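S.K.: Listed below are the residues making up each chain.
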Amino acid sequence: MQTEERQLQFTDIHNDVVRSLVVTGRKYYITLGCAIVLMLACFFFPWFYQLYYGIGAAGMNSPTVWGTYLASFIFWIGLSHSGTLLSCVLHITNSQWRKAMYRSAEAMTLFSLMVAAMMVMVHLGRPWFIHWAVPYPNQMGLWPNFRSPLLFDVMAITTYLTGSSIFIYMGSIPDFAAVRDRTAGWRHHMYVLLSLGWRGTDTEWHRLGWAYTFLAVLIIPLAVSVHSIVSWDFAMSIVPGLHQTIFAPYFVVGAIYSGTAGIVTVMFVLRKYMNFEQYITKLHFDNLGKLLLVLSLLWSYINILELFTGWYSGTSTEYEQLKYKLFGFYAPLYWEMILFCGVAPLLLISNKFRTSFVPMLLLSIAINIGMYTERFLIIATTLSRQYLPESWRVYVPSLVELSIIVGSVAMFVTLFLLFVKIFPSVSIYEVKETMKIPKRKGIPEWQATH
Amino acid sequence: MANVDRREFLKLVGAGGVGAGAGFMLAESIKHPVEYLIPYPVPPEEFSPGIATWYNSVCGMCPAGCGISVRTREGRAKKIEGNPLHPVNQGRLCALGQAGLQVLYNPDRLTGPMIQSGQRGDDKFVKITWEDGLSRTAERLAAARRDGISFLSQGVRGHLAELFELFMGELGSDRLLHYDFGHPHALYAANRKFFGEHQLPYYDIRNTRYLLSFGADYLTNWLSPVHHALGFGHSRQGNDGHRGRFVQIEPKMSISGAAADEWIPARPGTEGFLALGIAHHIVADGRYDGDDAGKWRASLADWSSDRVAGLSGVSEETISRLAREFAHAEPALAIAGGAAANHTNAVDTLVAVNALNYLVGNIGKAGGVVFNPDPVTGGSVIDRQANYRTMQNLIENARDGNIDVLIVNNTNPAFTLPRASGFREALAAIPTIVSLSSFMDETTLMADVLLPSHTYLEAWGDDMPQPGVGFPVGAISQPVVAPLYNSRSTGDIILGLAGKLGFNEAIPWTSMEDFLKDGWRQIYERGRPESGDFDAFWRDVLVSGVWGENARRDDSVVIAPGVIEGLAVSAPQFSGERGDYPFILHSYLSTAMYDGRGANLPWMQELPDPMTSIVYGTWVEMNPVTAKDMGFRDGDLVTVTSRFGSIEAPVVTFPAIMPDVVAIPIGQGHNALGRYARNRGANPIEILAPETDSASGNLATSATRVALAATGRRAAPVKTGGESRQLGRGIVQSTGGRSGSPGHSAKLNSIPIVVESA
Amino acid sequence: MSIWDRFASGWREFRKDGYYEEFDYAWTMTIDLDRCTGCGACVTACQAENNIPIVGEEQLERGREMQWIRIERYWEGEYPNAKLKFIPMLCQQCDAAPCETVCPVTATYHNQDGLNVQVYNRCIGTRSCAVYCPYTVRYFNYNDHHWDAPLEQQLNPDVTVREKGVMEKCTFCVQRIRQAKDHAKDDGRRRVRDGEVQPACVQTCPSEALVFGDRKDASSRVSKSMSDARAYRVLDELNTQPSVVYLKKVDADAD
Amino acid sequence: MASNALGLFRDPDSALEAARRLKGAGFARPELISPIPVHGVEDVLGPKKSVIRRFTFFGGLFGALAGFALAAGTAVLYLHPTGGRPIITIPPFLIITYEMTILCGILATVLGFLISARFPAIRERVYVPEAGVDRFAVTVDCDGEERFRRAEAILREAGAETVRSISEGES
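As they're listed, the protein sequences go chains A, B, C and D. Residue numbers for the first sequence follow this note's numbering, beginning at 1 and rising by one. Residue numbers for the second sequence follow this note's numbering, beginning at 1 and rising by one. Residue numbers for the third sequence follow this note's numbering, beginning at 1 and rising by one. Residue numbers for the fourth sequence follow this note's numbering, beginning at 1 and rising by one.
Calculated from the structure, these hints are not laboratory results. Hints may contain errors.
Partial pick of chain B residues on the chain C-facing surface, computed with a CB cut under 10 Å [stated by the list, open to error]:
1. Ala229
2. Met611
3. Val615
Computed beta-carbon distance windows for the label pairs [what the hints assert, rightly or not]:
4. B:Val625 to C:Tyr232: 27 to 37 Å
5. C:Tyr232 to B:Ala560: 47 to 57 Å
6. B:Ala366 to C:Tyr232: 32 to 42 Å
7. A:Val358 to B:Val625: 49 to 59 Å
8. C:Ser227 to A:Leu305: 38 to 48 Å
9. A:Gly209 to D:Ile122: 17 to 27 Å
10. B:Val625 to A:Ala331: 26 to 36 Å
11. A:Phe327 to B:Val625: 44 to 54 Å
12. D:Phe57 to A:Lys352: 47 to 57 Å
13. A:Thr162 to D:Leu94: 18 to 28 Å
Residues of chain A placed beyond 10 Å of chain D at every Cβ, according to the derived structure [claimed, not checked]:
14. Ile246
15. Thr265
16. Phe329
This structure is a prediction, so every number in the text was calculated from the model and none was measured. The beta-carbon is built from N, C-alpha and C at its ideal position, and this holds for glycine as well.
Looking at chain A on its own, in the form it has when it is part of the complex:
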């Protein structure tokens, strides 16, 4: 199932992965350094300034009180989506090609969730009181409001973060064990702890298999619920353009869409810079490409539907909203989004395109830019066209906001770079499973049947 030029042995993957962990080139440190510097300069510095000055540092106004911060929040949540979700689905459907890529996909989930959580902090007017959103007994006679979609968010994201971190960890226990035996010094100790003393006995494999499957089963509905709930932050308001029943599926599809695109990007990078050429192959890009195509069509469908309902409602509020979206101040962004997320992905129809790496990379990036735009428009176009025309006002992001967007990407990269040095970024044992298993002569290959 992988490149046939050479028969890979168990030891190859083993060595490759271990090398990817312990052998660290100069390039890596440079990249990491840049990422960290960028993160500090573009994320934390502006944020601290904003903490000092107030949200006024951003470009928001009345009535457009939400802005890019929340857009980034949705974006990162969305990006988090296909990681674990995809991996779970594929695990349950027991598809082989998943196995080389799912680890990094899950990592993506984890880190984009963390960045998303950071975006919430940035978004808040008084983040130093965020703990008030957590139900803990207190003397104030106050309590979070469980009727609030925002609190659904708190619950959902906490659960999702817990779930996906456990999922990725549990999946890597055998690999930790494997790496444990090949490392020394502090790394060894770390992996000793992480691997919980895994031996690989048949019982352990059996238990792991079950637990892993259960987790997968639990996490699929969870992931779906998470982005539905995020969508309800908006859909449960009565703002024209937001108050729509289609929003939950819209957000979920969008999330998986951008997430899958994200995976493509990450795959490409891993393949290129961690020399996993043999394990991450055309096949993966091909399959992901097909998935992307389907998702993009779904996405376009929902967008058309949204326009239609707006037009069909015939009410002034929805109608103005629609006009504004298509031809108003933000119209260029809207059409850019359509181009990137609706039109460009149609290229995926061609096999050649799907199986060529660089175009896929470019497309995946384009899609995620488009998806970010979508999230931004969802907020900007609706809030600046509220019910009372007298209160209409356009919102333009400030420098602080833009820099924080860049910074959040840097933060994601930083986390990911740290990850690839701690977690085996390709699942050793599952890749082994996909390999040709040594056979004893004269025995029917019943292993090969799975």
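Given the coordinates of chain A, assemble chains B, C and D onto it according to the supplied hints.
M.R.: Just chains B, C and D now, with coordinates in the frame of chain A:
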């Protein structure tokens, strides 16, 4: 037929008697409020920390003379509300009045006497003591020629005005002038001409069923806005059964125009023709059956509606309809002001409008024109009111070096006189200028000696509102807080000067309070006191904040001889050729800043202009079509040029303004007056032509033609409002015709006029 | 009372919808658009009473005005038949307030006077209430505001000064309501008398367009004016059940 | 002191074969240590029942109850009427319930896994690093020299490259 009839009013005054001693105890309680959060180590007994104390006083923000109740906590003024007992505003107050607190607590107030240390105008002053300041001034006054002394004050009334009279009398100079930009000279002149009336009458909007307003923005700045607003509300929904109808005739829709049921744009300056046209109709239709009907018919003969229609641009049908409605409705009332009263033919116009009132016989009737008795004191002020001609005269004298000393009291001609008047130049020719202003305004900037006076919330004084409400009303303004700075009340400064100059036998008083008390003792005596105790009376007046008397004018109509025959309106003159200056400049008193005195109040700067929602700054209102033709978009910066200068301001398209008129609000464009006002917007007064109304000597502020030119730059004014169309969302809903709504005439108030004390 | 008793009683009592409609007062304001002249006195009165900051030109330019009550203006028609209609817009104190349900920390909720209260100290600044409010009458403190000395001496000691990151809005001058209730208690009265309490805007309105009172008291002026044929609510179709009732403007020449 | 016989195999089949034979020879349940889950272990060493499913189920159940209690219960204890909704507002509370269900389900599953697979390992157990890479090991504990030789024989016969004796405690 005033808003408060006698019994009710006296009852109110009586009610004020509760909790006597508000102002009385104040003397002890005056301490500097800054040092402590609760600034009274040993608090006087009527102060208990945490409990508000209300003091009644008089609003000094505009000439309307509303009564106010000021809420103070721990010796600091917190809130100004209308004095519910005061017949003028009956507990209500306008935005400007509310902002009085920011006059008191303005960060740019002058904190003590100073003298000019550099060149005039370069804002260099050094502090001196009051002793020093007063003696310097006294010396100059003593050294000056008798009629070389000029006293230029803002319009003040009551005993302070009398004190000015006394003082100037002693100095032997007749150059005592009260100057207010917005003073309705033409209205006074017209009433003098038509009725032979010295005082302005009381226009009873409350009880009228039909108000025909020729350009008078009676809801914003004409005479007594708050009182008119009360009347408006009541006439609209207050009287059960019927709803008053309001018609506004003006080239640019004002707030009153927006509130009116019908807004009729008429060519600027032709309001008088319209009035005559309507009068012609009334007489022609035989709606007027006085014994002098013949004379009327004769003098109105050649004002047929077709001719008037041609002149004014208002269709014949409209004119005849207005005439019919006006004659039908009983009572109906016609008023004129604003632009209509600021053309070169203003007095004619206003006389014609008076004729309308006369013809429908509403003189002296409820809902009509009610004559006012002379004010109890300070009535002579009216003759002291300086119109443009008088100011011109002063300016010429100054130029010729006939003025040795000029004392300026809280008026700002350097801002409110056109450049063309040459006032600023004239100031240069005056050796000594003394300013009593509380702020560093444009005029004070030119002064040599600064003797800053208290704000009206720190000073003793009184006021007899003019126009009154049909019967004598007086109100005492008492200090509601201790003086913030080392300033003195205007009265005390004058008395101080008098003392220095040794006018002791003529002006024996040492403090404004004593002077005031003596004055009010006479008022007390003329009221045939039931209770023989002046102090009790004094306290009651202080507590209730207002005093009234049931003396009314008989309602017999006296119409000056020869008026009917002389009835005619001359064509309005405009400065500038139509060719070079295609637009007529309609400059109007801004809602928030009145004549510019509000520009240093942040609240007023941030109060969106009701019509455009613009804050901070000046703008030029244009008809959208005209703007389109000239290729102007909203926010384009244009130069507005008259024969006498030019200013820059951004264009704002305004749906309700005549195509050949551009409107600019007055109030911004200060180059002094503190951080909030300085270098903001432009001042349209600067470019006004020095055209006057010959009959009243009033500056014809609407008689200037201007040209507009694009600068190519954009300077979109800051607006709080977005889209200003409803898009069929039914936000402001309206119902047609007659609504059987039960009205509710409100007399209630939430203010306990009670001082927490024993 | 043990936690379980509390729970039991609570469960019994609070399962039903809108149970708190049985609260003591139902403060209501009616605004007669036929009287309103748009003069803006209410706006300044509110600023003075409620320590509403001076935002400054730069902030206003960025669209961050702070006016708990604002005058909205709507043009109709074109010259020469242009009409301008004003409508004062303030927090509608909705009984079914969208803003209340969305706040994650219950910084805004319904108090026992039927008021939609905003707890500044509890607010963490998610700003979602402002998004959910269809009347856009919630104002956010984008930064700390300051008053040039000695302007701060005017600040009303009965009202807090809000810090950055906090949402604020019209409270129907709750401090005055509290005071009136205390007065009533001192006089041994169970209820506040009609007209005993007025928000700053109502108190100052020169044309008496605003009326305030308790609609539970059928004899109150506000109840009377609510029963007016012209009474309507803005955006009623959203079923937010506002406590601010408008009286339609009368268009004399229409019918 | 119990010692173990451990045979290393190149391929899983031989390992399984060895295990089967050991079992047949009456050895206590042999253990298979492999770098990948070997399929067909069950048919050789007999099926295994996993308790994890119960953990998951009861965890989820608990989560559901706890979730609703959290939302509804505290809503009653802390009265904050909002938006005209009833204090016990079913639809939104169901969402909380849902999330809590999954959260507790996940945690319980993890717990179940750790318990049933005896993680984390406190005392050291038989292990060979090669089995973590590409070798398949079969261990069986056999006390006594003679039994060890027996096991060794079976293992070699099944094709083990090497056979070692490992006593618990070293690894």
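S.K.: Hint by hint, note whether the structure agrees.
M.R.: We went through each hint and held it up to the structure:
| no. | hint | result |
| --- | --- | --- |
| 1 | Ala229 | holds (4 Å) |
| 2 | Met611 | holds (7 Å) |
| 3 | Val615 | holds (6 Å) |
| 4 | B:Val625 to C:Tyr232: 27 to 37 Å | holds (34 Å) |
| 5 | C:Tyr232 to B:Ala560: 47 to 57 Å | holds (51 Å) |
| 6 | B:Ala366 to C:Tyr232: 32 to 42 Å | holds (33 Å) |
| 7 | A:Val358 to B:Val625: 49 to 59 Å | holds (58 Å) |
| 8 | C:Ser227 to A:Leu305: 38 to 48 Å | holds (45 Å) |
| 9 | A:Gly209 to D:Ile122: 17 to 27 Å | holds (23 Å) |
| 10 | B:Val625 to A:Ala331: 26 to 36 Å | holds (28 Å) |
| 11 | A:Phe327 to B:Val625: 44 to 54 Å | violated (25 Å) |
| 12 | D:Phe57 to A:Lys352: 47 to 57 Å | holds (49 Å) |
| 13 | A:Thr162 to D:Leu94: 18 to 28 Å | holds (20 Å) |
| 14 | Ile246 | holds (19 Å) |
| 15 | Thr265 | holds (28 Å) |
| 16 | Phe329 | holds (32 Å) |
Violation of the numbered hints given earlier is confined to hint 11; every other hint is satisfied by the structure.
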